[in-house]
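Protein sequence lines, in the order shown, are assigned to chains A, B and C.
Residues 1 to 346, numbered by this note's numbering, are exactly what the first sequence covers, in order.
Residues 347 to 639, numbered by this note's numbering, are exactly what the second sequence covers, in order.
Residues 640 to 896, numbered by this note's numbering, are exactly what the third sequence covers, in order.
Quick caveat, the hints were computed from the structure, so don't treat them as lab data.
Treat the hints with care, since some could be wrong.
To be verified - PhoX-like, lysine-lysine: derived pairs with alpha carbons at most 20 Å apart:
#1 168/A to 85/A
#2 379/B to 120/A
#3 854/C to 3/A
#4 771/C to 3/A
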Amino acid sequence: MTKLKRNHLFTYILVIAFYIAVEVMLRMGLLTSHLQGLLVPMVYYAIVAVGLNLCVGILGELSLGHAGFMCVGAFSSALFSNLTKETLPAAPRFLIAFVIGIAFAALFGFLIGIPVLRLKGDYLAIVTLAFGEIIKNIVNAVYLGTDENGVHISLKNAMGMGLVPEGKVLINGPMGITGTPRNANFTIAVIVLLIALFIVQNLIDSRDGRAIMSIRDNVIAAESIGIPVVRYKMLAFTISAAIAGAAGVLFAHNISTLQATSQYFGYNVSIMILVYVVLGGIGSIRGSVVAAMILYLLPEMLRGLNKYRMLIYSIVLIVIMIINWSPAIRSWREKTFGRKGRRQEA
Amino acid sequence: MQSFFTSLVNGLSLGSIYAIIALGYTMVYGIAKMLNFAHGDFIMVGGFAVFTAATTMGLHPVLAILIAMVVCTVIGVTTERIAYRPLRGAASPLAVLITAIGVSYFLQNVALLIFGANARSFTSVVPWKGVNVGGVQIQGVTIVTIITSILILTLLQLFVHHTKEGQAMLAVAQDRGAATLMGINVNRTITLTFAIGSALAAVAGALLCSAYPQLTPYTGAMPGIKAFVAAVLGGIGSIPGAMIGGLMLGVIEILSRTYISSQLSDAIVFGILIIVLLVRPAGILGHNIQEKV
Amino acid sequence: MSEHLLQVDHLSITFGGLRAVDDVSLSIDRGELYGLIGPNGAGKTTVFNLLTGVYKPTEGIVRLDGQDITGHPTIEINRAGIARTFQNIRLFRGMSVIDNVKAALSREFSYSSVDSIFHTSKYRKVEKEMDKRAQELLEVFELGAHRDVLASNLPYGQQRKLEIARAMATTPKLLLLDEPAAGMNPNETAELMHTIALIRDRFDMTILLIEHDMKLVAGICERLTVLNFGRVLAQGETKAVLSDPEVIKAYLGDADN
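Extracted from the complex, chain A is given alone in its bound form:
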């Protein structure tokens, strides 16, 4: 088995071991209800981090709008679940909700990717941020309801829908969607994480993955050896968006009121996930999972240090970036430690 395959296998084993450990602790009653409530969020942030690392670490493009894809996945799946919560049994309904959430997120990823992926790095980052904000703002402005006459939408207010008094409001503007069945649990979340890992890790260890990484490392050289750059950029970006969408589905089905607030879907969330990816190691998929889980859990558990948490993260982020990317420091490290230190990314 190649080194890479062994590396990837270890990641699966780590996640499964973690799952087993948590389940054991749950059975033994070792986890407070507070901690139990953190399990699903911890995993879906790990999922988004994996998706974002595909975009940042493997494709090499900085997206600051992945919260927008989470938002799309969350709202499209929640809408479906709410529409069918009386008519469909839980299992197939949740499964279809997943498909819908992922499909819509992928669609948005595809549509946004078309204009965005031809931009230079800095611009791409800000434009993805802009798209994330636009998605959040528009979702906040949507009023959607059903009655005997069908589906009504308004972008102004609830009255604008023109619903009959017996009609049901599904999306209430900034009040969002209430009453989504809470189908997400820790087991399902871990399964989704494993699937995301499967997709991304397999992709990396393949012809497509090498093409994507060659685009990251040198676009002009990639073209010169016949790699269709646009196709692979779109592929990576769309898959990355779809994975974020899957996390969004978990999010939506783990909360009683789903609102498109800045706290959940603003660019600060996108940046937070970027912090997870960077601190876990850009290009290291396992690192993203570990970092996301630990960094999400830490503040919740170290309430006392919470004040300083973000400050510490920001300092660590700056220090890590400089140590890893400063040409001057890299050559100093090479002189001191020799060249063997660096291994292939992913």
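Once you've looked at the hints, dock chains B and C against the given chain A.
Chains B and C alone, transformed into the frame defined by chain A:
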């Protein structure tokens, strides 16, 4: 009609603030070739500096602004030296952008620790009530803001085209390698750029908080991003472009807020960014730079 | 009647008023080792960029094996049969040596994205074949033992060889080498000359190279085109061109060797 005129004037005022911020952005981007994501937070730092000097310490507004300019310049120059310069020539251009995000976070959280999350009520640095034009009251701070931005634009243009340091900036922006060969101290030029940009951010902070008197550690972030949109709209790297972009963006934002919806005004502002980058990526006054093969 | 492999007629490009390449014509036959030389700034790399679709010419026609490829996108030109290396090495620095080559085998050893994600049996079969070919190619360039080394960790001379190996992996008809000896000491240059001749013989390759190192040029190139200020200064058999007084004058004005 009156409300349109009011909105227009407010738009020009907000746009002037964006323009001042955008000037700092565009100068740093054009000369240091990096997107200082933390620029918006320098504004916040300026705002708090003025707040501390004027409200807490009771100093005269103008003195407070000067102090804020010094504080911001020190922070800006230090940031450049410690966080950005080491990454010049890094393998990936994303490195310095991510570091800038780190700096942004750092500044926000330091402010959070010092001042707390509660909004501070900012006393305007322009106590003037303003004038009444045809039944419409125009705030003093609005007039001062617009005049200040025009003043800054003029001074900057004069500086850049008629002083040695300014010409050095143009040279470094065009071709850093050639500038070095011509004996220009690139490090010093870039440091000066950050100094000017940060000082401008302080002024923008003072004016922004005077017009919108709620100050929190997060006050600078969104205006910073919107000012970047303005800089791109006008043509990144172009000083007059930043002015035009800023004014246009301010007007569009206020008019959208008045006539369409407060919620969607942000979406429209960002939508403009996207359209510009698709249709005319160089912006109104900018030029395209090709990578050398 | 065998056509020239590469036929370039009246190739020109203007950059905002500057005629960087002006009415350049040349032809290269199958199996030739052809040199493109000239002082710095003469437009040599620009010609390469024109031939490989990085720039679109304002005038002129480029034909490869009879097929018109003028102004076509880089990917299509590579598919038609031209591969190149770059003046400043453009390796995939975050990937291993063998992956750099495998990336270039992407077109020949193909499978779908579905195969990629699910690691189907087709994936396994093609990957095995691809690995074999990549390893063979690396062995030719004596890089076989370094297959898992990170490309950026290779010593300079071997990086250049890897870039050539990667270009060769696309099974081109014509190989363009842009200053392959740049930054090399005399030993490395001699080894490079040997490698280039080996490629030509073993792979039946036609090679067009840009070089400043006159020893290398005189040592392996059969014919030359000399560019100066974007225009053809001289063309023909290497020995004759190198003793042309006009050519010598052009180079004396350029303090190189």
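Against the structure, the hints come out as follows:
1. The hinted pair formed by residue 168/A and residue 85/A meets the criterion: a straight-line CA distance of about 13 Å does not exceed 20 Å.
2. For the hint linking residue 379/B to residue 120/A, the alpha-carbon distance of about 12 Å falls within 20 Å, and the restraint holds.
3. A distance of roughly 43 Å separates the Cα atoms of residue 854/C and residue 3/A; the hinted pair therefore is violated under the 20 Å criterion.
4. Distance check on the hinted pair: residue 771/C and residue 3/A sit about 17 Å apart at the alpha-carbon level, within 20 Å; holds.
The structure fails hint 3 only (numbered hints given earlier).
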